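Engineer: This is what each chain is made of:
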Amino acid sequence: MWRFFHKMGSPKHFYRIAGAWIPWLTMICAGFMLVGLYQGLWVAPADYQQGESYRIMFVHVPAAWMSLFIYVVMAGAGAIGLIWHMKLAEVIAISSAHIGASFTFLALVTGSIWGKPMWGTWWVWDARLTSELILLFLYLGVIALHNAVEDKRTAARATSILAIVGVVNIPIIHYSVEWWNTLHQGPTVTKFDAPSIDVRMLIPLLLMAVAFKLFYAVVVLMRARCEILQRERNTQWVRQLAGGSY
Amino acid sequence: MNLEAHDLMCVRDDRILFEHLSFHVEPGQVLLLEGRNGSGKTSLLRTLCAIRLPDAGKITWDGEDIFKLGPEYHAHTAYVGHKDGVKLDLTAIENLTMAKGMGDPNDDISIVDALAQVDLYGFEDVPTRNLSAGQQRRLALARLLVTRAKLWILDEPFTSLDTHGIGVVEMLFANHLANDGMIAVTSHHSVNLDTTAILRINLSE
Amino acid sequence: MNTRSTSRAFTLLLRRDLTLAFRQRAEMINPLLFFVLVTALFPLGIGAEPALLRSIGPGIIWVAALLAAMLSLDSVFRSDFEDGSLEHFLLSAHPLSVLVLAKTLAHWLITGLPLLVVAPLLGLLLDLSADAVWTLIVTLALGTPVLSMVGAIGVALTVGLRRGGMILSLLVLPLYVPVLIFAANAVDTASAGLPITAHLSLLTALLALACSLSPVATAAALKISLS
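Chains as they are written, first to last, in my numbering: chain Y, 1 to 246; chain B, 1 to 205; chain A, 1 to 227.
Derived by calculation from the structure, the hints in this document are not laboratory data.
Being a predicted model, the structure only gives us computed values, none of them experimental.
Honestly, I wouldn't trust all of these hints.
Below 30 Å or equal to it, Euclidean Cα-Cα: the simulated BS3-like pairs (lysine-lysine) are [said to hold, decoys possible]: (1) Lys83/B x Lys68/B; (2) Lys152/Y x Lys58/B; (3) Lys58/B x Lys87/Y; (4) Lys83/B x Lys12/Y; (5) Lys68/B x Lys223/A; (6) Lys12/Y x Lys87/Y; (7) Lys68/B x Lys87/Y; (8) Lys223/A x Lys87/Y; (9) Lys58/B x Lys223/A; (10) Lys87/Y x Lys152/Y; (11) Lys12/Y x Lys152/Y; (12) Lys83/B x Lys58/B; (13) Lys68/B x Lys58/B; (14) Lys83/B x Lys223/A; (15) Lys12/Y x Lys68/B; (16) Lys87/Y x Lys213/Y; (17) Lys152/Y x Lys223/A; (18) Lys116/Y x Lys213/Y; (19) Lys83/B x Lys152/Y; (20) Lys213/Y x Lys152/Y; (21) Lys213/Y x Lys83/B; (22) Lys213/Y x Lys12/Y.
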């Protein structure tokens with residue numbers, strides 16, 4: 001078991017193993033996504049308050065969950081990379097940043113689309129949306145810092161610190177924004193929470209959540225493999241892979 | 001008190017500058033790093049300072065990894081880099097007092113005496129901005145005298161110094177080595193010291 | 001190194017930074033002027049109706065304070081980085097986080113404390129009540145140190161970068177949001193004559209958190225930036 005982890009820590013083995021997993025994970029992800037979407041868009045009943053337009057929730061809510069989940073993974077992987085100098089942890093951390101930012105953006109856009117029929121405006125300063133917006137800036141900060149530092153190793157370590165500082169701040173920011181929102185309540189009460197009622201709505205939500213997690217797994221493995229190829233481009237095994245001697 | 005390097009490697013911009021580098025420095029010895037510009041001399045010095053992680057290998061002080069020792073290791077070292085590390089708006093005395101407070105202070109010598117030893121007697125209260133480049137360099141080197149550091153790590157210490165200045169500094173080196181000190185230095189100038197105590201490493205090979 | 005010499009190093013560094021700032025006194029005015037200018041621009045932008053200004057005044061002043069703090073952040077490590085002194089902090093026999101705390105404290109005394117002195121003037125410009133002005137000063141006293149300390153983390157991460165200043169705002173502003181929310185709202189609530197103990201407790205908690213964690217994060221970031 002230990003040897004498995006030790007092997008995974010080596011970029012070369014990770015590249016091979018991840019490459020083998022990707023096709024399988026993709027298929028399972030596609031399966032969950034199709035079933036989840038079918039359940040959500042066809043099978044689940046219309047909401048008595050919002051009618052059919054609530055169905056975007058099946059994309060919005062899992063996307064929002066993923067945006068937070070990925071940030072935590074990024075910070076955790078960054079911390080592991082910092083403390084134990086594990087190259088692979090650094091790679092996973094930075095590979096996750098773009099995906100997390102994309103999910104955050106998706107959550108914002110779907111939130112905005114969901115809101116339009118309800119409030120008539122494309123944006124409302126709801127507590128959740130505002131928190132998501134700040135989370136997007138946190139992600140963009142990590143990406144910008146990573147791009148600004150030339151040395152890959154230093155970049156990984158710097159972004160790890162930033163991600164850890166961010167993760168500590170996220171609960172604080174979230175709480176403060178929620179608190180701010182209760183004071184400045186707009187005329188309409190926004191309801192971005194998943195309806196806690198019908199199990200027929202809960203199931204597609206959970207299916208989509210699993211599908212998104214698998215999607216993240218697939219994309220992070222793909223990005224990690226690319227990142228590894230770039231980082232290790234001067235090693236023997238990568239040169240052999242590229243099929244030539246330089 | 002000894003410094004040992006095991007199997008060091010330095011990579012910069014995808015090029016391996018040096019690898020499998022090992023050496024051992026004893027009290028009274030000088031580690032002289034030679035090589036072309038860009039051969040990794042400054043990187044190696046910064047690794048010896050425990051500022052930069054080696055790409056492979058490790059460095060030990062009395063057997064302990066210097067990166068694990070942290071401030072304890074730094075109490076034994078004094079560094080003068082490319083830049084002087086002095087504040088131009090402070091006087092010579094103020095700069096040196098700061099340097100002394102940052103390390104393991106050497107109370108056997110006063111700040112004024114330290115300045116005299118680098119031939120800055122009379123310039124104690126002059127703002128560093130008003131000193132010449134050579135005088136600023138000597139002020140930067142004076143920090144070596146105010147702490148009890150055993151290992152001096154120096155990057156091109158003779159920059160901006162005239163022949164007289166070089167002579168002054170070589171005297172400091174000789175005294176330090178005679179007191180069981182160690183020096184790790186890069187220099188384009190030839191270092192005028194007892195040749196048996198010098199451990200030369202050429203990074204261009 | 002024993003604690004006595006470490007606390008001496010702390011005091012030495014604090015005095016050094018204050019001395020340096022004092023010798024370049026003119027520099028200290030800039031963030032202050034920015035603070036006043038930004039606040040003064042708002043009535044020009046949105047109209048000078050007294051009731052409007054009174055209601056959004058606290059928010060404006062706090063946003064201006066935030067921007068002024070951000071503007072002054074670069075000076076924490078810039079000069080030391082350029083003349084090579086910053087490296088010597090990393091090479092000190094004393095823990096880097098202690099030295100960082102000294103520098104951040106000095107920075108706050110030089111750039112944050114003056115904002116408190118000028119705040120009543122701004123309260124006057126925007127016709128804030130006495131209660132509001134007093135609360136403004138208290139929230140600035142609690143909040144600006146947090147801005148300095150959290151900002152120092154961002155500066156430490158970007159000090160070695162060529163265009164570090166540009167991404168500094170992106171890194172630091174999201175982290176400033178909680179302070180802005182609690183502080184601006186405290187002043188608003190005080191204007192309405194309501195108690196603000198909750199707000200002050202929260203701000204104090206943020207301050208305590210920043211004091212304990214940010215020097216460590218800043219030290220780690222400096223070591224990475226200079227490696």
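Engineer: Take the hints in turn and mark each one as holding or not.
Structural biologist: Against the structure, the hints come out as follows:
1. Proximity of Lys83/B to Lys68/B is assessed by CA-CA distance (about 27 Å); at most 30 Å being required, the pair is judged to hold.
2. Note on Lys152/Y and Lys58/B: the hinted pairing holds, with a Cα-Cα distance of about 21 Å set against a maximum of 30 Å.
3. Annotation: proposed proximity of Lys58/B to Lys87/Y holds, straight-line Cα distance about 18 Å (limit 30 Å).
4. A hinted pair counts as satisfied when its Cα atoms are at most 30 Å apart, and Lys83/B with Lys12/Y does not qualify at roughly 41 Å.
5. As the CA atoms of Lys68/B and Lys223/A are separated by approximately 14 Å, the hinted pair is consistent with the 30 Å bound.
6. For the given pair, Lys12/Y sits about 11 Å from Lys87/Y by alpha-carbon distance, which is consistent with the 30 Å threshold.
7. Annotation: proposed proximity of Lys68/B to Lys87/Y holds, straight-line Cα distance about 20 Å (limit 30 Å).
8. Taking the CA atoms of Lys223/A and Lys87/Y, the gap is about 18 Å. The hint holds against a cut of 30 Å.
9. Between Lys58/B and Lys223/A, the direct Cα distance comes to roughly 18 Å. Compliance with the 30 Å bound is thereby established for this hinted pair.
10. In summary, the hint linking Lys87/Y to Lys152/Y is supported, as the alpha carbons are separated by about 11 Å, within the 30 Å threshold.
11. The suggested pairing of Lys12/Y with Lys152/Y holds, with an alpha-carbon distance near 18 Å, which does not exceed 30 Å.
12. For the suggested pair Lys83/B and Lys58/B, the alpha carbons sit about 26 Å apart, so the restraint of at most 30 Å is met.
13. Using a Cα cut-off of 30 Å, the hinted pair Lys68/B and Lys58/B holds, with the two alpha carbons roughly 11 Å apart.
14. A threshold of 30 Å between alpha carbons decides the hint, and for Lys83/B with Lys223/A the separation of about 18 Å falls inside it, so the pair holds.
15. A distance of roughly 28 Å separates the Cα atoms of Lys12/Y and Lys68/B; the hinted pair therefore holds under the 30 Å criterion.
16. The straight-line distance between the Cα atoms of Lys87/Y and Lys213/Y is roughly 23 Å, inside the 30 Å bound, and the hint therefore holds.
17. With a C-alpha separation of about 15 Å, the suggested pair Lys152/Y and Lys223/A falls inside the 30 Å cut-off, and the hint holds.
18. With a C-alpha separation of about 28 Å, the suggested pair Lys116/Y and Lys213/Y falls inside the 30 Å cut-off, and the hint holds.
19. With a CA separation close to 26 Å, the supplied pair Lys83/B and Lys152/Y stays within the 30 Å bound.
20. Only pairs whose Cα atoms come within 30 Å are accepted, and Lys213/Y paired with Lys152/Y is accepted, the gap being roughly 27 Å.
21. Among the hinted pairs, Lys213/Y with Lys83/B is inconsistent with the structure: their alpha-carbon atoms are about 50 Å apart, more than 30 Å.
22. Taking the CA atoms of Lys213/Y and Lys12/Y, the gap is about 25 Å. The hint holds against a cut of 30 Å.
The structure fails to meet hints 4, 21 from the earlier list, while all remaining hints are met.
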